[in-house]
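**Student:** Spelled out from the first residue to the last, the chains are:
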Amino acid sequence: MDDPSEIQTFEHDVLVIGAGGAGLRAAIECAKLGYDTGLVCKSLLGKAHTVMAEGGMAAAMGNMDERDNWKIHFRDTMRGGKFLNQWRMAELHARQAPDRVRELEEWGAVFDRTETGLIHQRNFGGHRYPRLAHVGDRTGLELIRTLQDHAVHQDNITVHMECKVVDLVKDGDRVSGAVAVWRDWGRFVNFKAKAVILATGGGGRAWSVTSNSWEYSGDGYAMAYAAGAELMDIEFTQFHPTGMVWPPSVKGILVTEGVRGDGGILKNSEGERFMFNYIPERFASETADSEEEANRWLAGDKAARRPPELLTRDVVAKAIRAEVEAGRGSPHGGAFLDIASRVPAEEIKRKLPSMYHQFKELAQVDITQQPMEVGPTLHYFMGGIRVDHDSQETAVPGLFACGECAAGMHGANRLGGNSLSDLLVFGRLAGVGADAYIKAQTGAPVFDQVQADAALKRTTDILNREEGTNPFLLHEELQEIMQEHVGIVREKAELEAGIEKLQALKLAVEKVKAAGASQYNAGWHEAIDLSSLVITAEAAARAALLREESRGAHTRLDFEDEREEWGQVNIVVGKDGAGEMSVRKEQRPEPPTELSGIARASLEDLEGSTDG
Amino acid sequence: MAERHFKVWRGDAGGGQFEEYEVEVEDGMVVLDALHRIQAHQANDLAIRWNCKAGKCGSCSMEINGKPKLACMNRLSDYPEDFTIVVQPIKAFPLIKDLVTDVAWNYEQNKRIEPFTPRPRGADGEHRMMQDDIERVQEFRKCIECFLCQDVCHVLRDQDRKDAFAGPRFMIRAASLDMHPLDTADRIPALKEELGVGMCNITKCCTEVCPEHIKITDNGIIPLKERVVSRYYDPLMILLRKLKGLFGGT
Ligand SMILES: Cc1cc2nc3c(=O)[nH]c(=O)nc-3n(C[C@H](O)[C@H](O)[C@H](O)COP(=O)(O)OP(=O)(O)OC[C@H]3O[C@@H](n4cnc5c(N)ncnc54)[C@H](O)[C@@H]3O)c2cc1C
Ligand code: SF4
Ligand code: SF4
Ligand code: FES
Numbered sequence: 001m002d003d004p005s006e007i008q009t010f011e012h013d014v015l016v017i018g019a020g021g022a023g024l025r026a027a028i029e030c031a032k033l034g035y036d037t038g039l040v041c042k043s044l045l046g047k048a049h050t051v052m053a054e055g056g057m058a059a060a061m062g063n064m065d066e067r068d069n070w071k072i073h074f075r076d077t078m079r080g081g082k083f084l085n086q087w088r089m090a091e092l093h094a095r096q097a098p099d100r101v102r103e104l105e106e107w108g109a110v111f112d113r114t115e116t117g118l119i120h121q122r123n124f125g126g127h128r129y130p131r132l133a134h135v136g137d138r139t140g141l142e143l144i145r146t147l148q149d150h151a152v153h154q155d156n157i158t159v160h161m162e163c164k165v166v167d168l169v170k171d172g173d174r175v176s177g178a179v180a181v182w183r184d185w186g187r188f189v190n191f192k193a194k195a196v197i198l199a200t201g202g203g204g205r206a207w208s209v210t211s212n213s214w215e216y217s218g219d220g221y222a223m224a225y226a227a228g229a230e231l232m233d234i235e236f237t238q239f240h241p242t243g244m245v246w247p248p249s250v251k252g253i254l255v256t257e258g259v260r261g262d263g264g265i266l267k268n269s270e271g272e273r274f275m276f277n278y279i280p281e282r283f284a285s286e287t288a289d290s291e292e293e294a295n296r297w298l299a300g301d302k303a304a305r306r307p308p309e310l311l312t313r314d315v316v317a318k319a320i321r322a323e324v325e326a327g328r329g330s331p332h333g334g335a336f337l338d339i340a341s342r343v344p345a346e347e348i349k350r351k352l353p354s355m356y357h358q359f360k361e362l363a364q365v366d367i368t369q370q371p372m373e374v375g376p377t378l379h380y381f382m383g384g385i386r387v388d389h390d391s392q393e394t395a396v397p398g399l400f401a402c403g404e405c406a407a408g409m410h411g412a413n414r415l416g417g418n419s420l421s422d423l424l425v426f427g428r429l430a431g432v433g434a435d436a437y438i439k440a441q442t443g444a445p446v447f448d449q450v451q452a453d454a455a456l457k458r459t460t461d462i463l464n465r466e467e468g469t470n471p472f473l474l475h476e477e478l479q480e481i482m483q484e485h486v487g488i489v490r491e492k493a494e495l496e497a498g499i500e501k502l503q504a505l506k507l508a509v510e511k512v513k514a515a516g517a518s519q520y521n522a523g524w525h526e527a528i529d530l531s532s533l534v535i536t537a538e539a540a541a542r543a544a545l546l547r548e549e550s551r552g553a554h555t556r557l558d559f560e561d562e563r564e565e566w567g568q569v570n571i572v573v574g575k576d577g578a579g580e581m582s583v584r585k586e587q588r589p590e591p592p593t594e595l596s597g598i599a600r601a602s603l604e605d606l607e608g609s610t611d612g
Numbered sequence: 001m002a003e004r005h006f007k008v009w010r011g012d013a014g015g016g017q018f019e020e021y022e023v024e025v026e027d028g029m030v031v032l033d034a035l036h037r038i039q040a041h042q043a044n045d046l047a048i049r050w051n052c053k054a055g056k057c058g059s060c061s062m063e064i065n066g067k068p069k070l071a072c073m074n075r076l077s078d079y080p081e082d083f084t085i086v087v088q089p090i091k092a093f094p095l096i097k098d099l100v101t102d103v104a105w106n107y108e109q110n111k112r113i114e115p116f117t118p119r120p121r122g123a124d125g126e127h128r129m130m131q132d133d134i135e136r137v138q139e140f141r142k143c144i145e146c147f148l149c150q151d152v153c154h155v156l157r158d159q160d161r162k163d164a165f166a167g168p169r170f171m172i173r174a175a176s177l178d179m180h181p182l183d184t185a186d187r188i189p190a191l192k193e194e195l196g197v198g199m200c201n202i203t204k205c206c207t208e209v210c211p212e213h214i215k216i217t218d219n220g221i222i223p224l225k226e227r228v229v230s231r232y233y234d235p236l237m238i239l240l241r242k243l244k245g246l247f248g249g250t
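As you go down the protein sequences, you meet chains C and R in turn.
The opening position of the first sequence corresponds to residue 1 in the working numbering, with each subsequent residue numbered one higher.
The opening position of the second sequence corresponds to residue 1 in the working numbering, with each subsequent residue numbered one higher.
It is worth saying that the hints were derived from the structure and are not from the lab.
By construction, the Cβ of each residue, glycine as well, lies at the ideal position given by its N, Cα and C atoms.
Which chain C residues face chain R? A few, computed with CB under 8 Å, are given here:
1. 112
2. 354
3. 357
Result set (EDC-like, lysine to aspartate or glutamate): computed pairs, CA atoms no more than 16 Å apart in a straight line:
4. C:501 - C:480
5. C:360 - R:78
6. R:225 - R:193
7. C:251 - R:26
8. C:506 - C:480
9. C:251 - R:27
10. C:360 - R:27
11. C:302 - C:65
12. C:349 - R:139
13. C:585 - C:549
14. C:575 - C:173
15. R:111 - C:155
16. C:511 - C:477
17. C:302 - C:286
18. R:67 - R:78
19. C:349 - R:135
20. C:349 - C:338
21. R:91 - R:158
Sequences are here, hints too, so could you generate the full structure?
**Tutor:** Okay, structure coming up:
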């Protein structure tokens, strides 16, 4: 064990774990409310996942089409989420997103403009109107850099970078801090805090084909779960329809939906624009039924309906998979995404510069001349840590969650662009929630060194053990299990076999060994992340087994359709009295009448609606 | 599958050496993929930074065959098959371990630049800006903070004048604020003094390595230098300012 005298201690009012869009926005709010705030992240500041977001940030500002308003955004979000979203969260998001975009502008963000000098908004799947504020196809960079620049100038925010939190510490029921390890020097650090906000992002690294970086090991899920909070909707893992499929080393890397929003179309190996064959009943009245109509829409005809390529992600991902299964795939097992024949080369380069660059450099494909080859890639967790929809507090007092690691906003399927706005809306609200919590507390919580030492020992054991398995190989094994058993289409026997395999893997992870010293040791970091990955994977697999229907991003071959009774429940994962993982259905409360009215209203009734 | 030969610098501040590795490679692989293979199979503790694997986050900066590059965007097929690929950490910053350096100094520079200070919104509650007027600022804001420009700038790398010059990355950061149509702050005095724009002698090495193809020198640093010059050294400007002072102007 490390010499305890080397353990550092920091004391903050609020500790924010994660410095993507959600964590940064939460920290800014806490600082504004006067709290001394610690902001911790695993990578360098500004490198979180948020930096990779491409297409844009959804907010019903109505800059492009004045018929748009929060109610239509809310309705689109609920329909995209197959009505499993938390109603209140979808409402808060739709109402507040425009202010969050304007606030970014106030802090220096430079969005692309319309001809009258307003923020330009782009079309995206599932959004009725052009709604995504964006900067070319590098919107996430703009968002994170703006927040980062704003945050580093706040005197009461201290950033701790390349620091991985390994466990939360509690005082009785409530949270009192966390234990972390500096990735660079390998030393440990205690963070004492009155409230903790998790903004750790998702867990896509449990799959082998994913758009996610190494950071997405589900740490937030695992830590919250271990501390006694619950996970919800974790079976809903979004497979983005368009990841790169070739060359092998870039398989899974994202191709923004902006390509389709700006006119790109999907074709199979026979040259057929196949999405017209996959329009679901629910969206039939709002989707173009001929190429001619879809082309008119692209040309700007407001009476024309949207092309089927812009159906929600679950629909498009399954359609591509079905084409490949039917033997009509592209040479490397995907579909063709063609923008070259639709949009002039110069315009492609201007609107999608990073896609142009990415394909040119990594696949030697010129997207202004040739089609791209694309296929589904694990992209996003709709589910996550269960929170109160107004305060963002988890079941553990003083522990909050926001951003991708929190559940509720997106239901069974997330619309593109709704994440970046989610980060800002709920990042801010988590700060407000922490404020209310701290004000209601009497006395600072006690930091229990015994708990901290136990976490430290668990972590250093990985280095100290004589022998054990290579963490990188265990990770590959996990990814193969999830890809095979908990993939884009699922089935009872497959899921059960996957869960079996995960049990064996869990035991191996307990004996993982990292060679070398604690200083910037990649194998050790990988080994520490593995324990979060297996909890995340098991929760997703068990919830997927329980949900006997197909809805949004969760598709069961043995239960092909949405089933009414499953629309009434969310699946909740928690730790039972014996320390085992329990998975249960929980009845959803009746929706507020006003909101359910809006979600089921016709577009005509909502367009031009102005009331708050 | 073919094999390729790599030499990777291993060690820490206390010293180190190049280690040789044979790696099985496939079509389309980049240097970062090969390093990951070494890490998974031959050297679990090899230190590398990376996140996006697509040139978007600026984490994987290193020197590959002597050239500062993003390892995730550098294809193996750019080199002849029998060529040894030599990988080492960037040089301008203190080494932590293997391919990872301590770049904290860069984060300190950002704090020294006065933050964005917008003018009030228009009467309609909007900040109207025309696309043409923001293109230059958007060019600078493409920066992914890979710090490759900082690595090659001889003022930082060879002369080690980090005390006097914030470096090209932070020149364009300042420029992106200075040229922002909404911004009202005056950063010219700071650029002249603490941030040290005068230290740059326009060698353009920074521009050459920028993976985002930002014209750091021509579009950022030279205009900033001109602003400093016209403020402090232009005799007419100085005279005007004096006169303004004499006759009670502000
Ligand atoms: C390629 C790509 C493109 C996308 N494009 C879009 C888009 O156009 N529009 C959109 O709305 N969404 C998009 N998304 C989704 C969106 O970017 C993410 O969902 C969102 O950025 C997540 O933000 P976050 O703040 O929740 O987490 P992140 O930005 O991922 O940040 C997580 C933070 O938590 C830290 N962390 C994690 N675990 C620990 C730990 N144990 N200790 C300390 N720190 C920890 C990490 O270091 C990081 O700082 C895209 C995603 C990807 C991958
Ligand atoms: S142009 Fe200036 S900033 Fe760029 S490398 Fe040369 S001296 Fe450094
Ligand atoms: S200006 Fe270019 S080289 Fe310098 S840090 Fe930014 S992206 Fe990297
Ligand atoms: S890993 Fe992000 S730039 Fe290379």
